[in-house]
Amino acid sequence: MAEDEEEPEEEPLIPKPITDKVKAGYHFITDYGSEATRGVLKNNPLFVLLLGFCPALAVTTTLDNAIAMGAAFAVVFVASATLISTIGEQAPKDYKKILYITIVAIFTTAVSIIMQRDYPNHLENLSIYFPLIAVNCIILGRVQYHSNQTSPPRAFLDALGLSAGFSIILIVISSIRELLGTTQLTLNSEILFQITHPIPFFLLAPGALLTIALLIALTNITNTGIQKLQQILKERKEKKEAERKKLEEQKKKEEEEEGEKK
Amino acid sequence: MDEKLEKEVHASALHLFLSEKINRKMWLVVAALIPSFIIGMQYFGLRSALVVTLSLSTAMLTQAGCNILRKIPFYREQGAAVVTGLLLGLLLPHTAPLWMPMFGAFIAITLGIAVFGGSKNTIFHPVLLARVFLSISYPAIFSQTIWPDGVPAASPLTVLLTKGQQAFLILFEDSASALSFLFFENVSGLIGEVNALVILIGGVILIFARVIDFKIPLLYLATIAIFSLFMNHNPLYHLLTGSLLLGAFFLAPTFSTTSQKNSAKITYGIGCGLLTMLIRVYSSPLEAVFFAILFMNALSPLLDKIAGEKLNEMQD
Chain A
1 MAEDEEEPEE EPLIPKPITD KVKAGYHFIT DYGSEATRGV LKNNPLFVLL LGFCPALAVT
61 TTLDNAIAMG AAFAVVFVAS ATLISTIGEQ APKDYKKILY ITIVAIFTTA VSIIMQRDYP
121 NHLENLSIYF PLIAVNCIIL GRVQYHSNQT SPPRAFLDAL GLSAGFSIIL IVISSIRELL
181 GTTQLTLNSE ILFQITHPIP FFLLAPGALL TIALLIALTN ITNTGIQKLQ QILKERKEKK
241 EAERKKLEEQ KKKEEEEEGE KK
Chain B
1 MDEKLEKEVH ASALHLFLSE KINRKMWLVV AALIPSFIIG MQYFGLRSAL VVTLSLSTAM
61 LTQAGCNILR KIPFYREQGA AVVTGLLLGL LLPHTAPLWM PMFGAFIAIT LGIAVFGGSK
121 NTIFHPVLLA RVFLSISYPA IFSQTIWPDG VPAASPLTVL LTKGQQAFLI LFEDSASALS
181 FLFFENVSGL IGEVNALVIL IGGVILIFAR VIDFKIPLLY LATIAIFSLF MNHNPLYHLL
241 TGSLLLGAFF LAPTFSTTSQ KNSAKITYGI GCGLLTMLIR VYSSPLEAVF FAILFMNALS
301 PLLDKIAGEK LNEMQD
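Line order of the protein sequences matches chains A and B. Take the first sequence: its position 73, counted from the start at 1, is 73 in the numbering used here, and no numbers get skipped. Take the second sequence: its position 96, counted from the start at 1, is 96 in the numbering used here, and no numbers get skipped.
Be aware that a few hints might be false.
[What the hints assert, rightly or not] Just some of the chain B residues that point at chain A, by a computed CB distance under 7 angstroms:
(1) Phe133
(2) Ile136
(3) Ser137
These are computed hints drawn from the structure, not numbers from a lab. Each residue gets a CB set at the ideal place from its N, CA and C atoms; glycine is no exception.
Using the sequences provided together with the hints, build the complete structure.
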């Protein structure tokens with residue numbers, strides 16, 4: 001009995017082999033890295049989760065608007081997600097949602113005050129869609145998810161990834177629409193790119209819907225392509241392992257046979 | 001019905017050189033449209049022929065390209081492409097810049113047909129889709145009727161709806177000459193809309209050949225006639241203007257975009273008529289037919305579903 005009790009105490013004393021540490025570090029990086037990057041392509045809020053279409057349709061007429069919206073959204077989302085994940089289950093159950101909306105609204109107001117000082121024109125162009133960040137369904141949905149389940153660093157990375165995905169898509173949509181609709185792509189009233197013939201259809205609401213539909217098709221194609229690639233790689237790995245096992249078994253058999261012969 | 005038709009066509013040697021499974025419906029629609037094309041060409045001059053030919057050839061080429069992308073023979077579904085190109089050309093004014101029919105046909109085939117995987121799966125009528133795309137993007141080209149002598153003026157329908165029937169009749173000597181103008185001459189500047197009689201004959205041929213169901217155009221036209229009677233207008237003025245006849249016979253009942261069940265077809269026709277009149281009175285008179293039919297295209301699966309449920313209840 002005494003020997004049995006001593007064994008678990010001894011285990012931490014034995015230094016772990018380096019490979020284990022590397023493995024743990026690799027696991028840590030991939031875990032947190034996937035937390036941050038899955039929002040960009042695999043769980044893109046607009047094109048895969050199909051959330052938050054209001055700003056994507058209304059704001060994306062110019063590139064400036066899209067960048068302002070994406071940046072403001074990212075600041076509000078990251079700050080409120082991190083703060084709410086620290087509150088955890090201490091919040092009273094009945095008033096949880098009200099508390100979350102209040103926190104998001106506080107950050108929205110703070111960002112709007114800062115923008116009023118530094119970028120008043122951008123705030124004016126965003127009009128009603130800026131205060132609507134406070135009730136954005138991406139933020140509310142994720143924040144509720146973070147409140148019970150995740151630690152603050154995870155929530156921070158997740159919010160960062162999702163808002164990066166959101167902003168990238170806004171920028172892509174708006175640059176397509178601005179370029180095709182007005183013949184030139186401008187950033188801070190500097191012309192970046194120009195074409196000869198306008199298609200004003202893309203500045204209107206149906207143009208936005210069409211652009212989003214075509215881009216969703218494109219993301220679906222890339223996502224299924226990535227899945228297929230992963231599956232092919234997996235199958236190859238399995239095949240190789242199976243072959244290796246076969247070889248090992250054959251070797252064992254041969255050894256046994258040789259042993260029997262001897 | 002479709003399979004039988006396809007078998008019949010399969011047997012006829014005339015079409016065999018074009019494709020194996022050709023859609024006879026589509027070629028009948030083309031045959032019914034060709035007279036209005038010839039008359040439009042006579043009325044507006046050779047430039048109109050160029051517009052229609054460009055739209056037609058771009059549609060066929062785009063269809064061939066899409067077919068190659070989908071890895072099927074390039075001659076498949078060319079019937080639908082020909083109808084699309086021809087109709088789109090006929091719905092454009094003869095003064096349209098030459099890139100417009102090509103762009104429109106490209107959009108009709110790619111976004112109207114190819115994206116949904118063939119003409120049997122389209123949700124919206126591809127011609128209407130392209131035409132509305134063009135008229136939203138470049139409203140200046142469509143807003144005015146351009147008469148053959150090159151003078152732009154407001155179309156008769158716009159005058160009728162904005163200034164009333166009295167002002168409309170002042171344009172002509174008396175009501176008989178007004179009617180003859182609407183019947184046999186340029187109505188809204190579109191190539192395919194010159195002679196109402198030819199369109200009517202084409203539509204009747206389509207009905208008797210069972211390409212389209214008689215319920216949809218009949219109810220569509222009847223609804224508009226009744227609505228115009230309520231407005232104290234002569235119903236014929238409303239029926240002959242604003243590309244209504246083309247819409248009723250060639251746009252509303254063709255392709256896979258209409259309701260399939262009989263009771264749903266009735267609702268579909270009446271809905272088209274009501275929406276057309278509402279858009280004509282309160283918004284844009286010239287594009288009312290296109291917007292109304294597009295909207296009803298979107299509703300047609302729902303109408304089918306409601307009709308099906310009712311039938312099931314009756315059987316129970």
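Status of the hints after comparison with the structure:
1. Phe133: Nearest chain A Cβ about 6 angstroms off; hint holds.
2. Ile136: Given a least distance of 6 angstroms, the restraint on isoleucine 136 of chain B holds.
3. Ser137: 4 angstroms, holds
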